[in-house]
Amino acid sequence: MHNQLTESDIKKMQEEIEYRKLVVRKEALEDVKEARAQGDLSENFEYYAAKKFKNKNEGRIRFLERMIKTAEVVSDESAADEVGMNNKVEVWFEEDDETETYKIVTTMRQDSLKGLISGESPLGKALLGHKVGDRVFVEIGAGDGYYVVIRSIDKSAGDDDELRSF
Numbered sequence: 040m041h042n043q044l045t046e047s048d049i050k051k052m053q054e055e056i057e058y059r060k061l062v063v064r065k066e067a068l069e070d071v072k073e074a075r076a077q078g079d080l081s082e083n084f085e086y087y088a089a090k091k092f093k094n095k096n097e098g099r100i101r102f103l104e105r106m107i108k109t110a111e112v113v114s115d116e117s118a119a120d121e122v123g124m125n126n127k128v129e130v131w132f133e134e135d136d137e138t139e140t141y142k143i144v145t146t147m148r149q150d151s152l153k154g155l156i157s158g159e160s161p162l163g164k165a166l167l168g169h170k171v172g173d174r175v176f177v178e179i180g181a182g183d184g185y186y187v188v189i190r191s192i193d194k195s196a197g198d199d200d201e202l203r204s205f
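Residue numbers (the working numbering): 40 to 205.
Just so you know, not all the hints are guaranteed correct.
[Stated by the list, open to error] Pairs of lysine-lysine residues, derived as DSS-like cross-links and limited to a Cα-Cα distance of at most 30 Å, are as follows:
hint, residue 1, residue 2
1, Lys-95, Lys-72
2, Lys-153, Lys-127
3, Lys-164, Lys-51
4, Lys-50, Lys-153
5, Lys-153, Lys-51
6, Lys-127, Lys-164
7, Lys-108, Lys-60
8, Lys-91, Lys-51
9, Lys-91, Lys-127
10, Lys-95, Lys-170
11, Lys-51, Lys-65
12, Lys-50, Lys-95
13, Lys-60, Lys-164
14, Lys-108, Lys-164
15, Lys-60, Lys-91
16, Lys-170, Lys-153
17, Lys-51, Lys-90
18, Lys-127, Lys-108
19, Lys-108, Lys-50
20, Lys-65, Lys-95
21, Lys-170, Lys-127
No lab work stands behind these hints, which were simulated from the structure alone.
Construct the entire structure; sequences and hints are all you get.
Below, the structure written as structure tokens:
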């Protein structure tokens, strides 16, 4: 399966890779070197912590490189009156009689606690391409789902959200 990423996501990932290779990697190697110099490695917690941090950094670099290599590049452009990537959307949930605002982002930036939902999520998929006033069915599996009504679309939302990390 390919992850959907925008050009902006790829640029941010490349910047993070460069930072991790040029700055974090050097710091991690220096920490390992200093910890190793403290003597007996069998009971040297600093050494194991430094190695763990170094390996975590290398893992993140490999993860980002693989994400870029296998990415499906999607456009964040959409018609002026349609929901697209990086748009804030105010929706009304019929069943709950509640209004919520979400920003549609790529999977690498999703964070539901901050109102950032993936365009690959059930709600994100349902909203993409629709217009203000549309009543949209959000399918959550096997024909089950719920209806939402699009109240507003804010196209001015930037793509300055952070990439999800681990």
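Here is what the structure says about each hint:
{"no.": "1", "hint": "Lys-95 to Lys-72", "verdict": "17 Å, holds"}
{"no.": "2", "hint": "Lys-153 to Lys-127", "verdict": "12 Å, holds"}
{"no.": "3", "hint": "Lys-164 to Lys-51", "verdict": "24 Å, holds"}
{"no.": "4", "hint": "Lys-50 to Lys-153", "verdict": "22 Å, holds"}
{"no.": "5", "hint": "Lys-153 to Lys-51", "verdict": "19 Å, holds"}
{"no.": "6", "hint": "Lys-127 to Lys-164", "verdict": "14 Å, holds"}
{"no.": "7", "hint": "Lys-108 to Lys-60", "verdict": "17 Å, holds"}
{"no.": "8", "hint": "Lys-91 to Lys-51", "verdict": "25 Å, holds"}
{"no.": "9", "hint": "Lys-91 to Lys-127", "verdict": "39 Å, violated"}
{"no.": "10", "hint": "Lys-95 to Lys-170", "verdict": "43 Å, violated"}
{"no.": "11", "hint": "Lys-51 to Lys-65", "verdict": "21 Å, holds"}
{"no.": "12", "hint": "Lys-50 to Lys-95", "verdict": "21 Å, holds"}
{"no.": "13", "hint": "Lys-60 to Lys-164", "verdict": "35 Å, violated"}
{"no.": "14", "hint": "Lys-108 to Lys-164", "verdict": "24 Å, holds"}
{"no.": "15", "hint": "Lys-60 to Lys-91", "verdict": "16 Å, holds"}
{"no.": "16", "hint": "Lys-170 to Lys-153", "verdict": "23 Å, holds"}
{"no.": "17", "hint": "Lys-51 to Lys-90", "verdict": "26 Å, holds"}
{"no.": "18", "hint": "Lys-127 to Lys-108", "verdict": "28 Å, holds"}
{"no.": "19", "hint": "Lys-108 to Lys-50", "verdict": "13 Å, holds"}
{"no.": "20", "hint": "Lys-65 to Lys-95", "verdict": "14 Å, holds"}
{"no.": "21", "hint": "Lys-170 to Lys-127", "verdict": "12 Å, holds"}
Checked against the numbered hints above, the structure breaks hints 9, 10, 13 and satisfies the rest.
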